[in-house]
Amino acid sequence: MNDHRDPVAHVVLVLGAILFVAPLWLVFVGSTQDSAAIARGDLSVLPGNEGFGVYAGVLAGPVPRMLLISLGMALAIAIGKIVISILSAFAVVFFRFPGRHVAFWLIFITLMLPVEVRIIPTYSVMSDLGLINTFTGLWLPLIASATATLLFRQIFVAIPDELVEAARMDGAGPLRFLWDIVIPVSGANIAALFVILFIYGWNQYLWPLLVATNPNLDTIVIGIVKMIAVETQTDWSAVMATAMLALLPPVVVVVVMQRWFVSGLTEGEK
Amino acid sequence: MERRTIFGQRLLPVILVAPQFLLTLIFFLWPACQAIWSSMTRQDPFGLHSQFAGLDNFVELFTDPLYRASIGRTVFFMAAVSALSMSLALLLAVFADREIRGRTIYRTLLIWPYAIAPAMAAVLWIVLLQPQVGILAAWLSRHGIAWDYHLNDTQAMLMIVLACAWKQVSYNFIFFLAGLQSIPRTVLEAARMDGARGWHRFRTITFPLLAPTSFFLLVVNLVYAAFDTFGTIQALTQGGPGKATETLVVKVYRDGVVNLDIGSSSAQSVVLMIGVIGLTALQFRFLGRRQLT
Amino acid sequence: MAMLELAGLRKSFGETEVLRQIDLSLASGEMLVIVGASGCGKSTLLRIVAGLETPSAGRILLEGRDITSIDPSARDIAMVFQNYALYPHMTVFDNMAYGLRIRGLSREDIAHRVDVAASLLGLSELLGRKPRQLSGGQRQRVAMGRAIVREPKLFLFDEPLSNLDATLRVRTRAEIRRLQRRLGITSLYVTHDQVEAMTLGDRLLVLHQGRPAQLATPMEVFERPADTYVAGFIGAPAMNFLPATLTDTGTAAKLEAGPLLQFADGQRKASDGTALIVGIRPEHIQTNPAGIPLRIDLVEPLGSETLVHGRLAAPGEAALVMRLAGRAPESDMLRIEFPAEDIHVFDAGSGLRLS
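Protein chains in written order, with the working numbering: chain A, 1 to 270; chain B, 1001 to 1293; chain C, 2001 to 2355.
Calculated from the structure, these hints are not laboratory results.
Here a beta-carbon is modelled for each residue, glycine too, at the ideal position from N, C-alpha and C.
Check the hints yourself; a few may be wrong.
Just the calculated beta-carbon pair ranges, DEER-fashion [unchecked claim]:
1) C/2181 to A/158: 38 to 44 Å
2) B/1286 to C/2104: 49 to 55 Å
3) C/2016 to B/1286: 34 to 40 Å
4) C/2016 to B/1055: 52 to 58 Å
5) B/1015 to A/157: 17 to 23 Å
6) B/1211 to A/173: 41 to 47 Å
7) B/1005 to A/255: 37 to 43 Å
8) A/173 to C/2027: 30 to 36 Å
9) A/173 to B/1052: 48 to 54 Å
10) A/135 to C/2088: 37 to 43 Å
11) C/2184 to A/157: 37 to 43 Å
12) A/157 to C/2027: 40 to 46 Å
Okay, chain A solo, but in the shape it has when bound:
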C-alpha cells in the first residue's frame, strides 16, 4: 500500500488519536480550573484560569510522598525482577545441574497465577513474615513471576556457540562471561523489559491496597482512587492535577523509550 495521499487513513487515525488524547487533555484542562466549577458540571475544553496554582496546592500535601513511593516501588520491581530473572535464566540455560528441570517448571507455573488469584493467602504469608505495612512488602512478592525469566531464556539460548567458545578460550569463567558478554549483548532487551516492568510496578493497585493500610505507604494510584472515592466531596481539580502528576513518569518513560519497548514486547512473539 503505497498511497501517500490517503484521506481515509488520516480521518480514521485522527479520530483514533482524539479518542485517546481527549480524556488526557480534559484532565489537564481540569487541573487548571476551579474545583467548584468542575463540580457544577462546567468542565471547560480550554485551559482554565487557575493556571498551575492547583499543582502548588497538590504538591504541598501527601502527593510528593506518594509519588516517591510509587517511584521506589516501580524501580524496585523493575530492577529486582530483571536481576533475579537474568540470574535464573542464565543458570537454566548455561548449566546442567540436578533439579534443573524441576526448578524450571516450578518457575514456569508462576505464569499462570496472577496476583489477583492469590491475594488472600499471599497476604497471610506476608503477615507471617512481618512484611505487612512495609515498603518491602509492596514489591517483594511481585518480582517472582517468570515472564522475564522466559524472555531471557529465549535470548540466552540464541547466543551463538562460537561466542561462548571464544570467551572460554579467552579465559572467561561463567560469571565473567555473564557480566562482560551476556548482559551487554542483551542490552536492548533489558531496556525494553525495564520499561514494561516499570509501568507494571507503577500501575499496581490491588496489591499495595491490601498490603499497606498505613496511608504513609499509599502509592499515587491508590491515593487518587481514594480521592475520588466519595464523589460528592471530591476536589476535582486537585484530582486532575494529581492524575497528571501520576501519569507523567510512566507516559514519559513509554514515549521516550517507545522504540525499544515496542520491539521488546513484540519480540517474544517472533
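Once you've looked at the hints, dock chains B and C against the given chain A.
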C-alpha cells in the same frame, strides 16, 4: 530448546536460581497451596475455628445464584471488552500500517495509553462520563438521556466495558501493527497482481495471516478482562450499583477482604486459578508464546 | 622436539565413531592443513586440540606438555573461528584486549600488543569501531588479531575463509600465509576447500570419515595420492577413474574399455587378474591421432582451455573429463592416449595405491 555450549559448574547455577526459586516457593506455591486448603475449610463467624469441609464451598458456590450470575456477567464482560478492544485496535493498526505522513506521530499517540494504570483509566473516563462532572454526561443530559452509572445497572456495565476496552486498545494496537508489518510485502503484492483489492484482500490474505497474533491477543485480552480490570472497576463503580458490575475478581476481593469470608473467597480464587491455567495452557499448546506484563 | 603431538586420538559421540586413531607431529612453525569433505571429522579434531571437546582416547602434547585435560584458556592456544565470534558490543581494541585483560596483563603491555597486531593486519584505523561497523574481511582480520595478541604456541584456524566472497578469499588466503610465515607460529588449519589446502599447507592431512587418508606435502598428495579418495579430492576437475585388471605379470593394466596400459614405473606386487582402478588427471590426457576414440558429450569452453566431457567406447562406456588447451574441437570424436608416467594405479577393493 537446549544449547550445546554450557559450563561445567554444578553449585553455581543452584545459587543463581535460588533467589527466584525461593520467592516462587514463598509467594506463589505456598499461597496457592494455602488457597486450595482454605477453599476446602469453613470458618466460624469469629474466625477462630476452621473446619475441613471438602468440596462444600465449591458446591455452595456453584449452587449460589449470585455466583452464577457473576460468572455470566464476567463472561459477558470479557467477551465485550475483548471484542471491542481488539476490533478497534485492528482498525487503527491497519491504517497506521500505511505509508502516510505523520505515521510515527499517530503511532505514538495511539501507543502512549499503555502507560496508564487501569485505576487511572477510571479517572480519565470520569472526566468524560461522570454524571456531574463529565463533559459527555452533560451533553447526554442536555439531550434528555438520564445518565448515571451509579444508579443504572446497564449504564454501569457499559461504562466499565468502555473504560476497560479503551485502556487495552494500545496494547492490542502494538501487536497488531507488529503482526501486520511482519507480513511480507511480496505476498501482498502478489495478491494485488492477482486482482484482490481492498476489503477482499484484507479478508482473504491479511486477516488469515494475522491469525497467530489474533489468537495470542485474544487470550491476553481475556485474561486482562478477567483480572487486570480490577483497578478500573473498583475505582469507577466498586462493583455496583448493587452487583451490576461485580465481576469474578471483584467478588473475590469483596468476599475475601471486605466480608472476610475466607472459605468462599478461597474457593473462588481456586476456580479462577483453574480458569487461568486452562487459558494459558491453551495459549501454549497453540503458540508456544507467552505474554509479558 | 615437535611442537604439537597427537597420539592415538579417537572420538566417539555415543555409538558413532567420528575420529579413528589420529597420530601426528607438527614441527615448530609448521602450518598443517586438515582437509576433507563435510562430516569427515576435521572440525572435531580441531576442537579437541583447542580443548572445546574431550577425546575418547589419546593424548595431546604441546611442546612436550600433556594438555589433554587442561582447560582451553590454559593451553596457550588461540583460535580463529569460522564465524569470527567477535564480541558484538566491544570495540575492535577491546575484542583483542579481552583475553589479555583476563590474564592480568598491564595496560601498557596490552596496548602495545594490540597496536602491533593491528598494524600487522591493517586494523590500526579501526580500533575504535564495533564489529557491526566492519566489513566481512575486516571482521575476519579482527578475529585473527585476537588470536595473534595472545602470542600463543599454536594457532587454530576453523575454516576462516568460508564466509568471504571469492575475490576476498584469494587475497586473504595469501595474507594468512604471509602472516603465519612471518610470525612463525605453529598452525593447524581446517578447510574443505582443496585449493586452500594446496596453497596454505606445509603438509596436508586428508581426513576421510574420521580416518587419516594421507599425511604428506601438497605436491606429494597431488602427485602420489595414497588412495582413490585423496586422488579424487585433490585437483579440479577431479581425477578420472577407470576400471581395469592387472596383467602381464603386474606390469600393465587392461582397461575395461579395451586398451592396454603399460606401467612406466615397474611391476606391481599383486597377482594378475587383480581388479584395479586406474586414475588419470584431466590435464594429463593427451590427444593422439592413433589413440583410443573418445566420443564427446559436452564441451565447456573456459577461454584459455576447454573441458571436454566424453565417453570411451563400449563396454562400460566409461566417462572421462579432459582438459584441452585452446578451443573446443570441431568434431564430436577425439582420439586420446594416457601417458604411462601420468597414470595412478589403485587396488579396486581397498582403494589404496598399489605399489
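Hint by hint, here is what the structure shows:
1. C/2181 to A/158: 38 to 44 Å: Roughly 39 Å apart at Cβ, these two residues keep to the hinted range, so it holds.
2. B/1286 to C/2104: 49 to 55 Å: About 53 Å separates the Cβ atoms of residue 1286 of chain B and residue 2104 of chain C, which means 49 to 55 Å holds.
3. C/2016 to B/1286: 34 to 40 Å: Roughly 37 Å apart at Cβ, these two residues keep to the hinted range, so it holds.
4. C/2016 to B/1055: 52 to 58 Å: holds (56 Å)
5. B/1015 to A/157: 17 to 23 Å: At roughly 21 Å between Cβ atoms, residue 157 of chain A and residue 1015 of chain B fall inside 17 to 23 Å, so the hint holds.
6. B/1211 to A/173: 41 to 47 Å: holds (46 Å)
7. B/1005 to A/255: 37 to 43 Å: holds (40 Å)
8. A/173 to C/2027: 30 to 36 Å: holds (34 Å)
9. A/173 to B/1052: 48 to 54 Å: For residue 1052 of chain B against residue 173 of chain A, whose Cβ atoms are near 53 Å apart, the range 48 to 54 Å holds.
10. A/135 to C/2088: 37 to 43 Å: Given range 37 to 43 Å: holds, Cβ gap about 39 Å.
11. C/2184 to A/157: 37 to 43 Å: This hint holds: roughly 41 Å between Cβ atoms.
12. A/157 to C/2027: 40 to 46 Å: For residue 2027 of chain C against residue 157 of chain A, whose Cβ atoms are near 43 Å apart, the range 40 to 46 Å holds.
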